[in-house]
Amino acid sequence: MRYDTHTKVHPVGPAGDALPTPSTEIVATRQRVSGAEVFLRSLQAEGVTVVFGHPGGAVIKVYDEMARIDPDFLHVLVRHEQGGTHAAEGYAKATGKVGTVLVTSGPGATNTVTGIADAYMDSVPIVVFTGQVPTGLIGNDAFQECDAVGVTRSITKHSYLVRDVNDLARTVKEAYHIARTGRPGPVLVDLPKDVLLDTAPFRYPESVSIRGYSVPRMGRPDKVARAARMIAESKRPVFYVGGGAINSGASEKLREIAQRARIPVTTTLHGLGAFPEDDPLSLRMLGMHGTWWANQAIQHCDTIIAVGARFDDRVTGKLDSWAPHASVIHIEIDQSCISKNVFADCAILGDAKAVLEQLDPLIQRKDTDAWLAEIDAWRQECPLIYDVDEKLRAQYVIECLRNKTGGDAVVLTDVGQHQMWTAQYFRFLHPRTHITSGGLGTMGFGMPASMGAAFGLREAGSDRPVVCISGDGGFVMNAQELSVAAAHKLPIKIAVINNRFLGMVRQWQELFHAERYSHTDLSDTNPDFVRLAEACNCVGLRATNNEEAVNIIDEAWKVDDRPVVMDFQVAKEEMVFPMVPAGAATGDMITKRIVPNSFV
Amino acid sequence: MSEALILTPQQIKRKKAAGEPIEPGEDELIRQHTITVLVENSIGSLIRVINMFAARGFNIESITVGPTDDLTVSRMHIVTTGNQRIIAQILRQLSRLVDTIEVEDLTGINFVERELCLVKVQYTPQSRAEIMDVNTVFRGKVVDITPNAFTFELTGPTPKIDAFINMMRPHQIMEVARSGRVAMQRNHFPD
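These protein sequence lines are chains L and B, in that order. Under this note's numbering, the first residue of the first sequence carries the number 6, and numbering increases by one thereafter. Under this note's numbering, the first residue of the second sequence carries the number 2, and numbering increases by one thereafter.
FYI, nobody ran anything at the bench for these hints, they're computed from the structure. Remember, it's a predicted structure, so these values are computed and weren't measured experimentally. Note that the Cβ used here is the ideal one computed from N, Cα and C, for glycine as well. Incorrect hints may appear among the rest.
[Said to hold, decoys possible] Residues from chain B that keep clear of chain L, each with C-beta distances beyond 12 Å, as calculated:
hint : residue
1    : E21
2    : E27
3    : D100
4    : E103
5    : T108
6    : C118
7    : L119
8    : P126
9    : A150
10   : I174
[Said to hold, decoys possible] Straight-line C-alpha distance at most 30 Å; calculated DSS-like pairs for lysine-lysine:
hint : chain 1 : residue 1 : chain 2 : residue 2
11   : B       : K14       : L       : K240
12   : B       : K17       : L       : K240
13   : L       : K345      : B       : K121
14   : B       : K14       : L       : K345
15   : L       : K323      : B       : K16
16   : B       : K14       : L       : K228
17   : L       : K323      : L       : K228
18   : B       : K16       : L       : K240
19   : B       : K121      : B       : K142
20   : L       : K323      : B       : K161
21   : L       : K228      : L       : K240
22   : L       : K345      : L       : K323
23   : L       : K228      : L       : K371
24   : L       : K371      : B       : K14
25   : B       : K17       : L       : K323
26   : B       : K121      : L       : K228
27   : B       : K16       : L       : K345
28   : L       : K228      : B       : K17
One chain only, chain B, in its complex shape:
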């Protein structure tokens, strides 16, 4: 109504900070982030973290959890998406939970990320060689074999896993199990 369509400098600043589009039709800056969270090792704290995502409408693309060298502490890896404002909110809401000990956004810093995947594929005498070739290229391991199916184990970054599954798709994939991603910041070289 009375609101001018032209944004004030302050409004533009706010939108930029949030990663929201400034001009109508402009794309929103949504990125995928890998967040690692150290939490108290209890079922309650795991649920609390997941519940926070659900209750506040945040995305979870992948989530993994496991104990660390300190058995009272678990490490969670959460892959989520959102604009800058949403990611900042996720980090703050996570830190605010009583059970979270440390929250870190790995995206933007140098980190290693890996996923493990098990794929069961049917083979025929005709397709067997081709399937094994693909597996060799991806440096997968055969962990089980029957007269009509292989089970492969593959680790690597998520795009590699995706590519492997895509290559297997023309053959008969019977089952896929993916672990979700784990990640760790790379250590700095000492000066």
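Next up, chain L with everything else stripped away, as it sits in the complex:
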């Protein structure tokens, strides 16, 4: 990410111009204004164009000033604060900008916790503003009081409690700077009510200076040279690419280097889209539900070039036996990820794109034909396949969605089987077209995040469709945001992969828990998704077989003024393969169903 100290400075307007037109970006006022106004003007000066929020007592002044200063201010009134944080994440992931959330104190703040934790695990830049009881009441167990900074301390990149209205503008500036730069992440700013009511002249700072915070950019030249030598000497190299490559915009440079040096590329779940999956050098995703050939390549390679990835346990499986022959080059912006799980023989601290640009001139053409042929043999040995018969299968639905969009869509998923099938079968081509909850694995992420992404694309003038692939379990968890998306006429295509089960848990129960399907059957508690959609002013469609699936997708794509919920009633016994059981060695991948299936 860029070290961004760029702020436009505009001439100070004459005192008294309290009601500027919405487009006027004011960075300073001579007269004293309320803290709430300072806050809103700070957002405007920061370039914030959409806020996902929910009002309440502690932030009522902010909402009052919002209506007074700028009635056109794009505030999206979400129906649950968790939905708001996920929407901000979807917005941030789709656009590369910082997502903004505004909620009240107490329950407003605690409802954002899951979204903040999700953003922390997945390095998503969001700033969450929480209302707080007046400073004089803090610690008194006041109505709707909650120590939001304390609660979120271990799941934020940084947090602030603003105690003085004169610190407010600077704090907002710092919060966005910290969220956006380095390894992105969530920042929480707690705003006591009296600070919002107090008055101060508004001046938005031009630059940020935080002495304990520096952002790595260029890699150390000696390390880069060493990495280049290691790559040149390697016989069986693999690029292992994570979400950091997408955050830093390194995709293009990565493609150039990989194609020139003929180095195969595997990506993590968050790395999907960093390298086009239709390229012969793409090994697709690695890890627990990655491809057989990507995992085999990792187990047999002699050099791993990790770019913006953190060697997560869902990637490595049993750490001791992962990539047993590989020397590791690790290009990473967050120093704490270096040698955390796997020792890096050559660690380069820096921005992925900047380091790849340094590396680029040092990388020569390589002959890796023998290595690529070996990988191809693994590819033939165990391809990604599923049964095609009269039953509607999730994988088929995902392939239909892929065919409909040609891969040119922003796809958001929830968490579970459908998420892994999307990763396996969608074949992503472009960065920022795959958005999911990876680290925290938050069910209920997909729907609100797709709403945020849709706002981002609309703002950017993009006509890429936004496709949300969800499961029947996770979709219900934040389905309340459907009516919000409908109110804003967002044409999101929501595919509910409905197997009437908590599918991934069911899969583990079948494989590892003697087929005791304890509390994973949702058939009694699932709503009627078509009627739910209609009740929320969306279009609801249903498919129970392959033909209907194709038809309702066609129908859904004709709707352009509201969300469409497609209820795909798929076979419940389907499982995600291949699979590395949790804690097992990557070499011990299960490639097909090994336990007799009682449902077939």
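With the hints as your guide, set chain B onto chain L.
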């Protein structure tokens, strides 16, 4: 299962770098480290550092904090234990916090480390002389005295404090208060 029990050269290298045992049954290389951290002088930054240790499951053996000559900056001294991989992680996680200005591992370099201790010990006419002897050997100060108890003040490296307390144990220790350790790198002689 299919994994060979024999480690590859790369796996051995990784284990060595982490300070993990290579042969089964071999002892892990766990050392005590003194880390000094300069942080922004605010209650929030202190909690953040401690919270990081708790949230990530790192050890804290001793922790001290106090302002420096610059009142906006506090210096923390943290004594912790772990293998090489864990200590490296602790240092990196500390540096990564927005409020930390400087992080340094003093272990392995030349540094002075001191702890202050107050010990309240009961005495009787019979034990009084012996207790005072021990105190003289350790060069402690008597900071309070009543007809039945001494309060001693002692500074020094932690093993000295430990030894002093152990020597007092046969007598009636009423109370012990230890400050935790502070440390500073020794200055180099100019060439």
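Report task. Compare the structure with the hints numbered earlier in the document and write down the numbers of the violated ones, lowest to highest. Result -> 1, 3, 4, 13, 20 and 26
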